[in-house]
Amino acid sequence: MAKRPEVSSLAELCSSKEIIISTGSGGVGKTTTAAALGATAASELGIKVLVLTVDPAKRLASALGLQQFGNVETRVPDDAFAAAGQTPRGEMWAAMLDTKQSWDDLIRQHAPDATTRDTILANPLYQNITGKFIQSHDYVAMERLYEIHTSGKYDLIVVDTPPTRNALDFLDAPDRMADFFSSRLLRWLIAPYRSKMVNLASKPFYMVADRILGTQFLQDIAEFFILFQTMYDGFVERAQAVTSLMASQETSFVVVSTLEVAPSREAEFFLELLTERGYHVGALILNKVLPSYLREERGTKSARKLCDDSKATAEAVASAFGDADLVPRLDYMFREIGTSFLDYQVVARREAEQAALLGEAASLTRTVPYFDSDIYSLGGLLELGTKIWS
Amino acid sequence: MAGITPLLDHRLLFVTGKGGVGKTSVASAIGMLAAERGKRTLVCEVDAKGNLADFLGVGPLQFEATEVRKHLFAMSMDTEESLKEYLRIFLKVPFVSRMGTLAGAFDFIANAAPGVKEILTVGKLTYDVKEHHYDLVVVDASATGHVVGQLASPVAINELVKVGLVRNQTDWMIDILTDHTQTGVVVVTAPEEMPVSETLELIGRLGTETEIGLAAVVVNRVLPELFSGDDEAIFEQLRSGPPLDALTAQIGPGATDLLEAADLAVRLRRGRVSHLSRLRDGLPTGVDLLYLPYLFHRAHGVRATGRIAEELGSELGF
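Those sequence lines, one after another, are chains A and B. Okay, so the first sequence: first residue is 313 according to our numbering, each after it adds one. Okay, so the second sequence: first residue is 12 according to our numbering, each after it adds one.
Do not rely on the hints blindly, as some may be mistaken.
Here are the computed distance ranges between Cβ atoms for each label pair [unchecked claim]:
1) Glu-584/A with Lys-141/B: 39 to 47 Å
2) Gln-439/A with Glu-91/B: 22 to 30 Å
3) Thr-77/B with Tyr-682/A: 34 to 42 Å
Straight-line alpha carbon distances no greater than 20 Å define the calculated DMTMM-like cross-link-like pairs of lysine to aspartate or glutamate that follow [what the hints assert, rightly or not]:
4) Lys-617/A with Glu-648/A
5) Lys-360/A with Glu-318/A
6) Lys-50/B with Asp-256/B
7) Lys-50/B with Glu-271/B
8) Lys-617/A with Glu-326/B
9) Lys-613/A with Glu-321/B
10) Lys-600/A with Glu-271/B
11) Lys-613/A with Asp-256/B
12) Lys-600/A with Asp-274/B
13) Lys-623/A with Glu-608/A
14) Lys-50/B with Asp-146/B
15) Lys-50/B with Asp-139/B
16) Lys-95/B with Asp-146/B
17) Lys-623/A with Glu-326/B
18) Lys-613/A with Glu-271/B
19) Lys-412/A with Glu-220/B
20) Lys-600/A with Asp-139/B
21) Lys-95/B with Glu-75/B
22) Lys-617/A with Asp-256/B
23) Lys-141/B with Asp-20/B
24) Lys-623/A with Asp-256/B
Hints in this document: simulated from the structure, not taken from any laboratory. Just so it is clear, the structure is predicted and the values come from calculations on it, not from any experiment. Even glycine gets a Cβ: it sits at the ideal position worked out from N, Cα and C.
Take these sequences, add in the hints, and give me the full structure.
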């Protein structure tokens, strides 16, 4: 594997790459990070950026001007930047991924003729798969990314990955899709439906399947896959193109995590996996990191003393207030303050260890402190982006 | 309606929540609490990430349930094993292992036909309930985004499959699932924007897309309140001038760090209060809302589960 040049800031990463994929487990701020990077890149670098997101928080979506669901790419108005005190030099666009719509587009594009197209679109199984089949999100997200990238409309596309059960899933989706259509099993299963000569009931598998599922259902499956196979070449070709785009020099991954146990583990696993497979890991972004003073011994000493001598301390401080009646309240508050510090210290120290461990696997790490409230305005996104930018 | 049947009097509980809110730890704690109260309980992990074993302090779990402590059994769902069990029980298919193509065929069918993996999961668990293998089955179910699909799978299959054995069996599954005294969903959430939004959305979808009851909403990781509104004025004055000097003289230079940290703790809690009230306002009336505190000292492992089980017990009035 050729050694990739490492980047030293997100500013550099956003200027040198065409696709940045924001990944990590659910609830760590993947979408917010992707949007913040996109907004900052548009405003700082003067480029045309698209933020492609899967399932944004409603208020974040409206901050980006995404009122309707669908695949429409919408420009974030300059007014929104102005309201945030910025004059963007570039353009920020945003789009939400609509799985069903994207699948329909894909079928329209690959179907050999109008009859096949309409039959597939009307097949109950197809509708079920596109709506509910979890893995279909992964595939179609990659597919859509590829399509937008090849259109050449944007300098940079920042993508927020779908909430997968397994971090591997979306990367493997194109390959799995290709494998699936080329599988011998698929051909074997639908063979009897291609040729009416074969007696279904003569084969044990069909006998069992038929008893469990009923003939109609098996026929629906067969119809669906026979039609789908006519699009096989198109799909496989596309899947390969998507896979190689992910591994190309134009693409980089940003791993987002908090320092809680479960997300950290997943981030660690994902960092390893990306590196192992030769993908470019641009940065590790750690969200909701507690301030460093919480870890200092200085505070530990004071907190212990405060808990042990809360009464004496309360008396001393009450006299500084010139109000002896305050002693019981101060006593109570001091014990709370001391205990709370020690509690947060446990967490801060555990998390610092976790951060050091994760940091070893990434060449560039940026930490983001706790914000008082969730970010749901363009101003907030730009503030976040600027904090981690250089 | 929701909340009428006490939580642990259910027979089947699906615990769900947005990724990262502590779904697995709450599912384990419910199981632990029920087992401690003498119920023969099964906890089943549906997404095989292996976290459930961590929370119960045991080695890797299998499809075959093992007793991990008194009255508490645990298993990890494996839909292929579930299919084999199904074939064995209902179709009397012998020598399943000799069906060489089964694994491949299963993989194919499960990927091709949506709902198959879901029905094998839900089917196996409702079967355990139907046959009274356990007093209570607790499912560490899919995350909020996918759980409706999982729960609605018997109905979906019923619509797709017009005849056959499966069709007959989805009937009793649906009976168990839609009986609010037997089956309920526990939604775990945290006092943050996305978890609260997803919780409210899920509860809406449960009502419109399924007939399955809501057993409880658990708010996990609630931060303690440091001091009341009155004390805050005093706190502000502590941060400078003679009071700060007096405090520093008593406890050393770390005093400023302590006040800074207390301020952070107050702000963190306050930031979450609005999400909590949005949750309370958005819930249908009568829903059991249970609060679990943030655990500073241990975020995972069987000791953390024990602590959560204890807190849950006191929330339930035990």
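Taking the hints in turn, this is what the structure says about them:
| no. | hint | in the structure |
| --- | --- | --- |
| 1 | Glu-584/A with Lys-141/B: 39 to 47 Å | holds (43 Å) |
| 2 | Gln-439/A with Glu-91/B: 22 to 30 Å | holds (26 Å) |
| 3 | Thr-77/B with Tyr-682/A: 34 to 42 Å | holds (41 Å) |
| 4 | Lys-617/A with Glu-648/A | holds (13 Å) |
| 5 | Lys-360/A with Glu-318/A | violated (24 Å) |
| 6 | Lys-50/B with Asp-256/B | violated (58 Å) |
| 7 | Lys-50/B with Glu-271/B | violated (47 Å) |
| 8 | Lys-617/A with Glu-326/B | violated (33 Å) |
| 9 | Lys-613/A with Glu-321/B | violated (31 Å) |
| 10 | Lys-600/A with Glu-271/B | holds (17 Å) |
| 11 | Lys-613/A with Asp-256/B | holds (17 Å) |
| 12 | Lys-600/A with Asp-274/B | holds (16 Å) |
| 13 | Lys-623/A with Glu-608/A | violated (24 Å) |
| 14 | Lys-50/B with Asp-146/B | holds (6 Å) |
| 15 | Lys-50/B with Asp-139/B | holds (15 Å) |
| 16 | Lys-95/B with Asp-146/B | violated (24 Å) |
| 17 | Lys-623/A with Glu-326/B | violated (32 Å) |
| 18 | Lys-613/A with Glu-271/B | holds (15 Å) |
| 19 | Lys-412/A with Glu-220/B | holds (19 Å) |
| 20 | Lys-600/A with Asp-139/B | violated (42 Å) |
| 21 | Lys-95/B with Glu-75/B | holds (12 Å) |
| 22 | Lys-617/A with Asp-256/B | holds (16 Å) |
| 23 | Lys-141/B with Asp-20/B | holds (15 Å) |
| 24 | Lys-623/A with Asp-256/B | holds (17 Å) |
Comparing the model with each numbered hint stated earlier shows that hints 5, 6, 7, 8, 9, 13, 16, 17 and 20 do not hold.
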